[in-house]
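Student: Sequences and hints are given; from them, build the entire structure.
Protein chains in written order, with this note's numbering: chain A, 1 to 111; chain B, 1 to 116.
In case anyone wonders, no lab produced these hints; they're calculated from the structure.
Please note that a few of the clues may not be correct.
Unchecked claim - Below, in silico cross-link-like pairs of lysine-lysine (DSS-like), each with a Cα-Cα straight-line distance of 27 angstroms or less:
{"no.": "1", "chain 1": "B", "residue 1": "9", "chain 2": "A", "residue 2": "42"}
{"no.": "2", "chain 1": "B", "residue 1": "71", "chain 2": "B", "residue 2": "57"}
{"no.": "3", "chain 1": "A", "residue 1": "98", "chain 2": "A", "residue 2": "67"}
{"no.": "4", "chain 1": "A", "residue 1": "98", "chain 2": "A", "residue 2": "2"}
{"no.": "5", "chain 1": "A", "residue 1": "67", "chain 2": "A", "residue 2": "2"}
{"no.": "6", "chain 1": "A", "residue 1": "70", "chain 2": "A", "residue 2": "56"}
{"no.": "7", "chain 1": "B", "residue 1": "71", "chain 2": "B", "residue 2": "9"}
{"no.": "8", "chain 1": "B", "residue 1": "14", "chain 2": "B", "residue 2": "57"}
{"no.": "9", "chain 1": "B", "residue 1": "14", "chain 2": "A", "residue 2": "2"}
{"no.": "10", "chain 1": "B", "residue 1": "71", "chain 2": "A", "residue 2": "98"}
{"no.": "11", "chain 1": "A", "residue 1": "56", "chain 2": "A", "residue 2": "98"}
{"no.": "12", "chain 1": "B", "residue 1": "9", "chain 2": "B", "residue 2": "57"}
{"no.": "13", "chain 1": "A", "residue 1": "2", "chain 2": "A", "residue 2": "56"}
{"no.": "14", "chain 1": "A", "residue 1": "42", "chain 2": "A", "residue 2": "110"}
{"no.": "15", "chain 1": "B", "residue 1": "57", "chain 2": "A", "residue 2": "98"}
{"no.": "16", "chain 1": "A", "residue 1": "2", "chain 2": "A", "residue 2": "70"}
{"no.": "17", "chain 1": "B", "residue 1": "71", "chain 2": "A", "residue 2": "42"}
{"no.": "18", "chain 1": "A", "residue 1": "98", "chain 2": "B", "residue 2": "9"}
{"no.": "19", "chain 1": "A", "residue 1": "56", "chain 2": "A", "residue 2": "67"}
{"no.": "20", "chain 1": "A", "residue 1": "70", "chain 2": "A", "residue 2": "98"}
{"no.": "21", "chain 1": "A", "residue 1": "42", "chain 2": "B", "residue 2": "14"}
{"no.": "22", "chain 1": "A", "residue 1": "42", "chain 2": "A", "residue 2": "56"}
{"no.": "23", "chain 1": "A", "residue 1": "42", "chain 2": "B", "residue 2": "57"}
{"no.": "24", "chain 1": "A", "residue 1": "98", "chain 2": "A", "residue 2": "42"}
To be verified - Some, not all, of what chain A presents toward chain B, calculated at C-beta under 8 angstroms:
{"no.": "25", "residue": "42"}
{"no.": "26", "residue": "44"}
{"no.": "27", "residue": "45"}
{"no.": "28", "residue": "46"}
{"no.": "29", "residue": "48"}
{"no.": "30", "residue": "98"}
{"no.": "31", "residue": "99"}
{"no.": "32", "residue": "101"}
{"no.": "33", "residue": "102"}
{"no.": "34", "residue": "104"}
{"no.": "35", "residue": "111"}
Computed from a predicted model, the values in this text were never measured in an experiment.
Beta carbons: idealized from backbone N, C-alpha and C, even for Gly.
Read off the chains here:
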Amino acid sequence: QKEVEQDPGPLSVPEGAIVSLNCTYSNSAFQYFMWYRQYSRKGPELLMYTYSSGNKEDGRFTAQVDKSSKYISLFIRDSQPSDSATYLCAMIGAAGNKLTFGGGTRVLVKP
Amino acid sequence: NAGVTQTPKFQVLKTGQSMTLQCAQDMNHNSMYWYRQDPGMGLRLIYYSASEGTTDKGEVPNGYNVSRLNKREFSLRLESAAPSQTSVYFCASSPYRTSGNTDTQYFGPGTRLTVL
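Tutor: Below is the structure:
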């Protein structure tokens, strides 16, 4: 069983819809949680990061962490075709320097 | 400021051939990483270098070697390529400190390697 599980999708939504992505994990030592966006044939780019449980909002993006359930989410409001990409969750322990990634969810936003 | 650069962008090898993937960063970051990305497997860490002069194995190090040439450059070498090493390889860097700060990693554009 992988340490971080993520539904591969694809997740297809109409433009303007809310995109809901999530990851589950098994290692309770993870403290920092990140979401990366990866466009086709490009490297991943950091989208958001959160520390421990709670919510964080940045424009149309909201990241949620529920450490008690070992579950993190990313919501994209008012989705645009330019949001079509693969979204990877990643996490790391308090003093570590090695990220553990989920497998990524492919998102398609149709005009 | 180019960020993280990788060469080559594409490469085709025959089984048994060797090659070196190059990576450089101009952000004065301490740590550098090599990942491979395969369909459905996400990013898996091959090797990393927490600081200049040190290297450590990641999750999938077999068949690879690395060199941290200086603070800017971190190369990945395949001594005898195998078809199982067909993948997309990403280099990343981060300003990692041992105080436990969030490790924000910045990725290069990737090298697509095919081993026949």
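Student: Would the hint on residue 48 (chain A) be counted as holding, given a Cβ-Cβ threshold of 8 angstroms to chain B?
Tutor: At about 11 angstroms, which exceeds the 8 angstroms cut-off, the nearest Cβ of chain B leaves the hint on residue 48 (chain A) violated.
Student: Hinted pair, alpha-carbon criterion (27 angstroms max): residue 56 (chain A), residue 98 (chain A). Please report holds or violated.
Tutor: The hint holds at about 23 angstroms.
Student: Classify the hint on residue 102 (chain A) as holds or violated, based on whether any CB of chain B lies nearer than 8 angstroms to its CB.
Tutor: At 6 angstroms from the nearest chain B Cβ, residue 102 (chain A) passes the 8 angstroms test, so the hint holds.
Student: Within 27 angstroms, alpha carbon to alpha carbon, are residue 14 (chain B) and residue 2 (chain A)?
Tutor: Between residue 14 (chain B) and residue 2 (chain A) the Cα gap is close to 32 angstroms, so the pair fails against 27 angstroms, i.e. violated.
Student: Using 8 angstroms as the Cβ threshold, decide whether residue 45 (chain A) counts as touching chain B.
Tutor: holds (7 angstroms)
Student: Going straight from one Cα to the other, do residue 2 (chain A) and residue 56 (chain A) come out at no more than 27 angstroms?
Tutor: holds (26 angstroms)
Student: Does residue 9 (chain B) pair with residue 42 (chain A) here, judged by a C-alpha cut-off of 27 angstroms?
Tutor: OK: residue 9 (chain B) and residue 42 (chain A) at ~11 angstroms, within 27 angstroms.
Student: Quick one, are residue 14 (chain B) and residue 57 (chain B) close enough, alpha carbons at most 27 angstroms?
Tutor: holds (25 angstroms)
Student: If you draw a straight line from the CA of residue 71 (chain B) to the CA of residue 9 (chain B), is it 27 angstroms or shorter?
Tutor: holds (22 angstroms)
Student: Please verify that hint: residue 111 (chain A), Cβ, nearest Cβ of chain B, below 8 angstroms or not.
Tutor: violated (27 angstroms)
Student: Is the hint on residue 98 (chain A) kept, meaning its closest Cβ partner in chain B is under 8 angstroms away?
Tutor: Given a least distance of 6 angstroms, the restraint on residue 98 (chain A) holds.
Student: Are residue 57 (chain B) and residue 98 (chain A) close enough, with their CA atoms no more than 27 angstroms apart?
Tutor: Within the cut-off at roughly 11 angstroms; holds.
Checked against the numbered hints given earlier, this structure breaks hints 9, 29 and 35; the rest are met.
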